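Make a model of the complete structure from these sequences and hints.
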Amino acid sequence: MLIFMTLSIEHSASEATELEALLTRIAQGEKDALASLYERTHSAVYGFAMSLSHCPADAEDVLQETYINVYSAAERYVPKGKPMAWIMTIAKNLARMRLREVKKDCELPEEDWSGYLADNPSVSSDERILLQTALNILSDEQKQIVMLHAVAGIKHREIAKLLDMPIATVLSKYSRAVNKLRHAMEAE
Numbered sequence: 001m002l003i004f005m006t007l008s009i010e011h012s013a014s015e016a017t018e019l020e021a022l023l024t025r026i027a028q029g030e031k032d033a034l035a036s037l038y039e040r041t042h043s044a045v046y047g048f049a050m051s052l053s054h055c056p057a058d059a060e061d062v063l064q065e066t067y068i069n070v071y072s073a074a075e076r077y078v079p080k081g082k083p084m085a086w087i088m089t090i091a092k093n094l095a096r097m098r099l100r101e102v103k104k105d106c107e108l109p110e111e112d113w114s115g116y117l118a119d120n121p122s123v124s125s126d127e128r129i130l131l132q133t134a135l136n137i138l139s140d141e142q143k144q145i146v147m148l149h150a151v152a153g154i155k156h157r158e159i160a161k162l163l164d165m166p167i168a169t170v171l172s173k174y175s176r177a178v179n180k181l182r183h184a185m186e187a188e
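Numbering follows the numbering used here, in which position 41 of the sequence shown is assigned residue number 41; successive positions increment by one, without gaps.
Hints are computed from structural coordinates only; laboratory data are not their basis.
Quantities reported herein were computed from a predicted structural model and do not represent experimental measurements.
All C-beta atoms, glycine included, are put in the ideal place defined by N, C-alpha and C.
One or more hints might be untrue.
[To be verified] Per label pair, the in silico range of CB-to-CB distance:
hint	residue 1	residue 2	range
1	T24	L171	29 to 35 angstroms
2	S72	D140	26 to 32 angstroms
3	D140	H183	40 to 46 angstroms
Okay, here's the thing in structure tokens:
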């Protein structure tokens with residue numbers, strides 16, 4: 001178990017280093033680096049945008065605007081080992097601005113989520129099934145926390161900052177979400 005935890009920490013650290021290298025290349029004007037960053041992170045960004053907006057069209061707009069902003073602001077990124085948190089903060093701010101503009105809520109078709117989950121190579125088929133189940137039984141805040149932690153790999157402390165919640169609340173909501181999912185799976 002300890003070896004698995006160590007490998008997981010090393011993997012996320014190397015992933016963060018690779019994403020930071022891409023951001024550095026983007027800051028130097030390399031469009032190929034932006035394409036690579038998009039391919040590696042767009043599923044998580046879309047999932048988070050969807051959890052905030054509940055509307056596929058708005059989530060798509062936030063997704064595209066996020067990468068436009070990443071491209072134009074890459075030189076201002078300060079490497080601290082948290083590139084996904086920086087990208088998700090951009091997405092969060094754009095989603096909130098969009099919500100203020102449109103002030104609407106539309107239906108959430110399951111196929112829109114599953115398409116983006118299927119595109120994410122870091123999400124196993126078991127995790128994909130679990131996440132799709134979560135979309136149906138979890139509250140909006142629980143969906144956001146699960147998507148940020150399970151899909152984007154963001155730590156609970158960073159999620160607390162992103163969602164402007166105390167860390168204890170994030171941990172509690174995540175724990176309740178996991179328990180809801182566990183009970184739903186056992187019932188089936």
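Quick rundown of the hints versus the structure:
The supplied range of 29 to 35 angstroms is met by T24 and L171, whose beta-carbon atoms lie about 33 angstroms from each other. Range check, S72 to D140: about 30 angstroms between beta-carbon atoms, so the 26 to 32 angstroms window is met. Roughly 19 angstroms separates the CB atoms of D140 and H183, a value that falls outside the hinted 40 to 46 angstroms.
Comparing the model with each numbered hint stated earlier shows that hint 3 is the single one that does not hold.
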